[in-house]
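Just so you know, the protein sequences line up as chains A and B, in that order.
If you read the first sequence in the working numbering, its first letter stands for residue 1, the second for the next number, and so on.
If you read the second sequence in the working numbering, its first letter stands for residue 1, the second for the next number, and so on.
Among the clues, some could well be false.
Unchecked claim - Simulated coverage check for chain A against chain B, where a stretch passes if three residues somewhere in it have a Cβ under 8 Å from a Cβ of chain B: (1) 47-60; (2) 274-280.
Unchecked claim - Think about it this way: if two alpha-carbon atoms lie no more than 35 Å apart in a straight line, the pair counts; the simulated DSBU-like pairs of lysine-lysine are: (3) K106(A) x K494(B); (4) K106(A) x K180(A); (5) K179(A) x K106(A); (6) K269(B) x K111(B); (7) K250(B) x K111(B); (8) K328(A) x K494(B); (9) K111(B) x K328(A); (10) K250(B) x K273(A); (11) K328(A) x K250(B); (12) K273(A) x K180(A); (13) K328(A) x K269(B).
To be clear, the hints were calculated from the coordinates, so they are not data collected in a lab.
Just so it is clear, the structure is predicted and the values come from calculations on it, not from any experiment.
Positions of the beta carbon are idealized from the N, C-alpha and C atoms, including for glycine.
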Amino acid sequence: MSPTRAPAAPRFAALALELIKTISPELRVLDTLFPLSPFLLCGDDTELCQFPENVPVEAVPFYARFRQGGGTRGILPFAEALPGALAAAAAAGQRLLLALHAGNGKAAAETLTLTPARPPILLLAPEGIADLRTALNMLGYTGSCFIRFLHGELDEAYGFFSAEHDSDGLLRGLEAAGKKFAEDMRLQAQRPEGQADTILIFLPQAYQGWSKASLSPLQFVHDSNRTPEGNASYSWLWLANQPQLRILFGTVTGRFRNVRVIVPDALSTHNLKSARFLLNGEAVHPHVEIWSDGQGAVSAELPAATLDPLVFGIWVSEGRTTEDGVTKLYACIDRVELSA
Amino acid sequence: MAEHEIAIFSPIPPEQNGIADYTYHLVAAMRHVVPCAVYANQPDGSLPDGVPIREPLQAFRHLRPETAILHQVGNNPGHIFVLDALRKWGGVTTLHDQNLHYLYEVSHAPKSLLSRIMRDSSDRLGAVFARQWFENGTKTGANYALFDMLGEVLSRSTAVIVHSRFAKNRIRLLYGAEAAENVHVVPHLALPPDNRTDDFLHGVLKIPDGVPLIMTSGFATFAKRFDWLVAALDEIASRGAGFFWVHAGKERPEEYDLSGLLERYPEVKRRSCITGYLSEEQLNECIAACDVLINLRYPSVGESSGTLARAMAAGRCCVVNSTASYADLPPGSVLHVPVMGAVPALVEGLECLLRAPELRAAYGGRALALARGEWAPEAVARAYAGIMAEFGVRLEGATAPRPTGTPLLSFPIDAAALRQEIEQHVRGCTGNVEIRLSASSPEQLARISMQTPLLFADVLPQDLQIHAVTVEQDNTKPRGRDAEDAPGVALVLKGVLG
Chain A
1 MSPTRAPAAP RFAALALELI KTISPELRVL DTLFPLSPFL LCGDDTELCQ
51 FPENVPVEAV PFYARFRQGG GTRGILPFAE ALPGALAAAA AAGQRLLLAL
101 HAGNGKAAAE TLTLTPARPP ILLLAPEGIA DLRTALNMLG YTGSCFIRFL
151 HGELDEAYGF FSAEHDSDGL LRGLEAAGKK FAEDMRLQAQ RPEGQADTIL
201 IFLPQAYQGW SKASLSPLQF VHDSNRTPEG NASYSWLWLA NQPQLRILFG
251 TVTGRFRNVR VIVPDALSTH NLKSARFLLN GEAVHPHVEI WSDGQGAVSA
301 ELPAATLDPL VFGIWVSEGR TTEDGVTKLY ACIDRVELSA
Chain B
1 MAEHEIAIFS PIPPEQNGIA DYTYHLVAAM RHVVPCAVYA NQPDGSLPDG
51 VPIREPLQAF RHLRPETAIL HQVGNNPGHI FVLDALRKWG GVTTLHDQNL
101 HYLYEVSHAP KSLLSRIMRD SSDRLGAVFA RQWFENGTKT GANYALFDML
151 GEVLSRSTAV IVHSRFAKNR IRLLYGAEAA ENVHVVPHLA LPPDNRTDDF
201 LHGVLKIPDG VPLIMTSGFA TFAKRFDWLV AALDEIASRG AGFFWVHAGK
251 ERPEEYDLSG LLERYPEVKR RSCITGYLSE EQLNECIAAC DVLINLRYPS
301 VGESSGTLAR AMAAGRCCVV NSTASYADLP PGSVLHVPVM GAVPALVEGL
351 ECLLRAPELR AAYGGRALAL ARGEWAPEAV ARAYAGIMAE FGVRLEGATA
401 PRPTGTPLLS FPIDAAALRQ EIEQHVRGCT GNVEIRLSAS SPEQLARISM
451 QTPLLFADVL PQDLQIHAVT VEQDNTKPRG RDAEDAPGVA LVLKGVLG
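Same shape as in the complex, but just chain B (with noise of 0.2 Å):
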């Protein structure tokens, strides 16, 4: 057992995010190699034994310089806290989703910091759709796919985890070789089946028996192609094979209308079940229960599925698509569809499958050794404890926290290089901070800012966005001023840096 704490920063169940749950499983078997703490907004949150839960605006309590800081971040508002903590705090971080575009939209993140950050992905692209989106209102769903806003969670965090080769070589080709040489692939853990009763199933869906059931999970949407699945669901259907499919998880009718599309597919329609949000017993159950696990992705930005990863470790048969991370499995664990041409080979594949009790059985097998070996969640846990002790300690200078909300700077609004002065106390900070520039009397500030029209663009950091600025009694001795200075005057500039 290792001697010094890993902080973890992610959301925790019962928290409905795939990620929660991945850092239940991941704790659970993380804390047999290493001490762990969870820090997440969810005081009644649930976590493994021992672990305990900590409120991330208390981190500060906790953390020590050997303590080796790990943050979970996802494409969603659950992760905020988290994306904050990386900044505050600096560490590993381990990147769920190849595009983090959304999290940071939703974030309140300031327009500098997004305008910036789509101009790291690229400089003139960028600086066209970050106008037309803060001066025009503009956004389309380009902006998601051409601004995938990975570039400061990369450049912030000592090192980055990954599930797939294909999120790093993709990482490699967009931000560089060097960015790349810092990120590693732990593959997603997959967990051992529990022993489940098939009630929920039978009992409460009321799912036939007798028949091979096809099982698809998570939120609805259209990249899951579920146009591929039905209509190749149909032409099965039409061939005599049987079958029974249930959608466990939840539609996003706004998103992508999954009931309307069966309405176009009787026949399916007759043989489906769409279940709504499951727990992760019944998620379970089901995974238990399915004879064939379709895990179809197109287009895919790398992200990896926690239920694909419980299904290989049932020994179920799956079968996915040939892009991204799906691309990295190694053939014969899993059925590997095309994209181009994909419902017919669906159509091909799943029926052989039906009919070939044994086929299923000997693509279960070989996911099953996949997922017991470097699949398994102590081997998983070992990985994350080796990348934890090399890259998770903050180390003095590089990672060292970035403070947040500098509460005063003070400046004498004469200095010789202002600018300069005022760019090195904000360095490497972001959040509140308060300016104070410091004048001998009202005269000398009246005087100053005759003098100098443009002082704001003149002397502050192009990343501080003013929120008020008042003149105030100066109580206060400017940095490099004489003790024996009267107090005078002060333009003071409050705002935030990021």
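The following block holds chain A by itself, in its conformation from the complex (with noise of 0.2 Å):
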């Protein structure tokens, strides 16, 4: 069983991100694709919500467990989280971007029935949604064009849909915007009637997509009740009642080879030396960097066979009951950094 009824996890959803932002930038994603979230490790202006169709019923409880924002907000179903969203985005001055799968584009469309705010799309696995772009181009959504990245033996597309651009002036945004990527580029010679204009992007042998992110506790997604401590330049999160933190990752393919957590306090230096991550609940020794007394970094490499969506583990093996009697902490993180 897959854990989720998307397809294969998209390998380009940060590049196409970037190109989007180059003809419309200030943009702020709202990422329906949870638990694969492929927009998660792509900045800071992403908020995760979903479809219940993305999640196979055997793994709902699971999935269930995860808190946005360094555990501070859930992951609500789409319709309920768009109104907040787009007031979110408003209040901060920036546009919201709708980040979708095809598979989900029509109750998308039915929700932006209620909603006179079109905010633009970016749809995943176009192919095929003649009915779909019919629909949204009913609510006003004029502006169509697909992107297709071409890389080697990958040919991954992408439609982004707008209610402020006519076609033909997409085309040329997005056609100046993929220059800086292409080692070639060109318009699809020949599609099917009705379709909008396919813009072929071929990505250079040598591009890898590697990339890197740095995670502040405020900005993890994770399954512990407790919240981080700190403020928005310095935060920590605990390990707290529990030996073992899940925090999501989403999509990582393609993207990271290496995960670091930094431990500015694991009690013990044996108990920093015990800890153990965990790859999609798999148990993985990894390399443990003492610092001084207790603090450190625990480091492993992302094997290349990693399935998306990636949940990766912390675990330590000795806790100590707090003052207050109820509390029981186990270990101290404040930072993830994935890595090429």
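Now that you have both chains on their own, put them together as the hints suggest.
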């Protein structure tokens, strides 16, 4: 059984977002693909929400454990998340971009009929969506254009829909932006009747797509009842009452190869040395750097065959009950770094 | 090497649990026949090289339709997650204990489930004892004897593995021939002895040299009949036979006062030692060094002993009761002691064994032959692989994973056959559930509530325990409703099925 009903995790989601941002800057993303969440590690301005169809029934209780914003906010269904996300984007002077999978397009369009807002849409896997395109057009999405990234054997398509551009304008904007990435770029010569124009972007062979991410606890999507302490500039999170913390990384394939966790307090050096990582639940013996007594970093390589969405777990063996006699603390972490 | 992985749900070392050790050694042998992965809540656990440890919570990420699933179930809290996994995924179960009452008790199973399982054993007795337990708080030792609580495991498992014919026959007599058809006997694996030094025995425990060493093992409980053994050893000591007795295990004073018993027999106390919990290496050293291993058990519910299997594999002379699963052991491979008149029989038998090394060697030799045959890890692994290949994979429908925690079931409150509709959707489900009964308006909800004062009793399944009831605006479309229906209100019932 697959971890999500969505097809293979998108490899070029970050690139597609970067492309869109060149023609429409100041975007805030509402990523509806939880738990695959391909935009989760693309920047700070991403909010997660979900459609029930994203998760197979046997995985529902597991993913229901997770909360975003360091554990301060739940992951709402799309219909409930949309009004708040629109308001937050407006308050920050940003525009909201909906990141959707084509499989959820119909449900999203139904929700959009209930609001006058027409946020631009970045659509994953948009092949064969004539009906959806018509529905979006009727809602006022007059501009639409497809982008296909081609890299070796990979061929990944995205659709971009906007109520503020006509298709020609969009196409010109994306063409100009695509030159930043492309080894070669051209319009698809033949397209079926009624379909939007498609830009083919041939990525250079050397393109790796690897990137880095550094997450503070306030950015974690995790399953602990505990929330981070500190402030926006420095925060930390205790593993409390459970020896394990699970953090959702979402789509990592082709983007990250290493994970490193900074542990400013593990209670003891022995506890730090006993730490284990769990990659999608499978225990891994990590490399441990000891900086001083009970302080250090723990790191491991991500297997090439890691299945998205990646749920990363850190576990330590011993805890200590605090003076209140109720809370048991295990270890404190203040940063997670992902790198190529 | 088989192609598809076997997923094993079991505690693993270093958890102080004999079944954890069993799984370690089973996997060590099986991994050469079939790829194995173990699901355990012990990320720092110890397993043979190449066998991954995975957390049960994320099993859904790894289990494929072709994955064969095996559960190692014992009667203690370390197996709660295994029971949960059986409920969720189905598969083959190795039943290490013939009574799971304590496991169910500590698993926080809902009263409705406990009550149902007790009634499975005996409808009338179960109803009475369940009422006494749950309504009056009265639970006696009789509960454990009367209600073994095996019913759910037997019914959910595609096949059950036990370690003795006694255990299979017991299931046949109590649960019927149909249940027993699904039960397979695979002997407890006997590990070949390690080459150990005697540093621990003589260096740490200061066990004297030059006298025959008698050994017992495990948690000291009443059923291990130390009263019989100590009385027999006292008599043997008075007859001038030399020996030293080591109990390689931990006392449970709240359950059985072994030290107190020894206080009453100073001659035995002078020649004995209680070690406390031992590591596997220390236990192996004791087994390798002992001359006679005694493993009495009465009353017995068919449990097997890993220590006995190890001792036989080490060619030790073993003494057991001729009851339950021990009665399965071939005569001559162990010395059987009757449960009636056990003390004089022990005196007679032990005295002979202590005075005749060649007799001990003869018993040990036959035990070793048995252990190297069908009890050998390789033979046990092959037996497991055969059963797993035939029964381990979940058949569509019959053993498909039963979803736990159905997130949301929504029904129109005015449906003509509401009870049947709900029953159809929750059948086979356990765990958390949320049922929404949708009405077109608050007025309709109020009217139906007034018309059906026993609404819950009328429409909800009996094994649903309701924890919360709320009335909410209904943003979902109940099953069978037309899309144009306006949102109404919903009576939301949150509870646990099972």
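Each hint, compared with the structure:
1. Check result for the stretch 47-60 of chain A against chain B: holds, 6 residues qualifying (beta carbon to beta carbon below 8 Å, three or more required).
2. Here the stretch 274-280 of chain A counts 4 residues with a CB under 8 Å from a CB of chain B, which clears the bar of 3, and the coverage holds.
3. Restraint check for K106(A) and K494(B): satisfied, since their Cα atoms lie roughly 30 Å apart, inside the 35 Å limit.
4. Proximity of K106(A) to K180(A) is assessed by CA-CA distance (about 33 Å); at most 35 Å being required, the pair is judged to hold.
5. Taking the CA atoms of K179(A) and K106(A), the gap is near 32 Å; set against the 35 Å cutoff, the hint holds.
6. A hinted pair counts as satisfied when its Cα atoms are at most 35 Å apart, and K269(B) with K111(B) does not qualify at roughly 46 Å.
7. Using a Cα cut-off of 35 Å, the hinted pair K250(B) and K111(B) holds, with the two alpha carbons roughly 33 Å apart.
8. Proposed proximity of K328(A) and K494(B) is supported: the alpha carbons are some 30 Å apart, at most 35 Å.
9. For the given pair, K111(B) sits about 30 Å from K328(A) by alpha-carbon distance, which is consistent with the 35 Å threshold.
10. For a cut-off of 35 Å, the pair hint linking K250(B) to K273(A) stands: about 30 Å separates their Cα positions.
11. At roughly 29 Å between alpha-carbon atoms, K328(A) and K250(B) fall within 35 Å of each other, so this suggested pair holds.
12. A distance of roughly 45 Å separates the Cα atoms of K273(A) and K180(A); the hinted pair therefore is violated under the 35 Å criterion.
13. Proximity of K328(A) to K269(B) is assessed by CA-CA distance (about 43 Å); at most 35 Å being required, the pair is judged violated.
Checked against the numbered hints listed earlier, the structure breaks hints 6, 12 and 13; every other hint is satisfied.
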